[in-house]
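Asks: Sequence:
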Amino acid sequence: MKTRNVITALLLVALLAPASAIAQKKEKDGKKLREEKEWVTERGKKVLDHMTKYNAKGDKVEEIEYATYGQKERITYEYNAEGRLIKESYFDDRDKLEKYIVPEYDSRGVKTKETTFLPNNKVKSVKEFEYIY
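Position 87 (the sequence shown) corresponds to 87 in my numbering; numbering is contiguous.
Keep in mind that the hints are not guaranteed to be accurate.
With a cut-off of at most 20 angstroms between alpha-carbon atoms, the simulated DMTMM-like pairs for lysine to aspartate or glutamate come out as follows [what the hints assert, rightly or not]:
{"hint": "1", "residue 1": "K96", "residue 2": "E63"}
{"hint": "2", "residue 1": "K32", "residue 2": "E73"}
{"hint": "3", "residue 1": "K111", "residue 2": "E130"}
Treat the hints as calculated values from the structure; they're not laboratory data.
Computed from a prediction, not measured in an experiment: that's the story for all the values here.
Construct the complete structure from the given sequences, taking the supplied hints into account.
Replies: Listed below in structure tokens is the structure:
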């Protein structure tokens with residue numbers, strides 16, 4: 001019974017993983033999305049609220065959150081040659097690095113750990129992931 005549950009869970013992950021990857025890589029007429037902007041209108045004034053940029057492969061490479069005074073936060077994403085996320089960097093409203101996160105994966109590509117570093121490269125925290133099927 002336990003083996004069947006594990007096999008069912010693995011099949012489910014295998015079936016859903018491509019669907020979620022497709023959902024993340026937005027296309028229109030065969031062209032991959034390069035930039036996505038969110039606008040908000042307050043008191044008759046339309047202002048930029050959020051912007052997401054993508055690379056040629058369709059991976060998210062940058063997000064910028066805006067406030068009335070300008071940039072509120074910026075996050076950059078770096079990937080390895082296989083397209084796996086290897087680093088997220090968080091910047092404040094003055095574009096100063098606040099922290100960066102380095103994920104680790106097991107041999108199947110499942111995220112097992114995230115280490116958060118301060119700008120001086122010292123470890124701030126470590127988050128471990130446990131998956132129960």
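Asks: Each hint needs a verdict: does it hold in this structure or not?
Replies: Results of checking the hints against the structure:
1. K96 - E63: With a Cα-Cα distance of about 15 angstroms, the restraint between K96 and E63 holds, given a limit of 20 angstroms.
2. K32 - E73: Violated - the C-alpha atoms of E73 and K32 are around 25 angstroms apart, more than 20 angstroms.
3. K111 - E130: Holds. K111 to E130 sits at ~9 angstroms (cutoff 20 angstroms).
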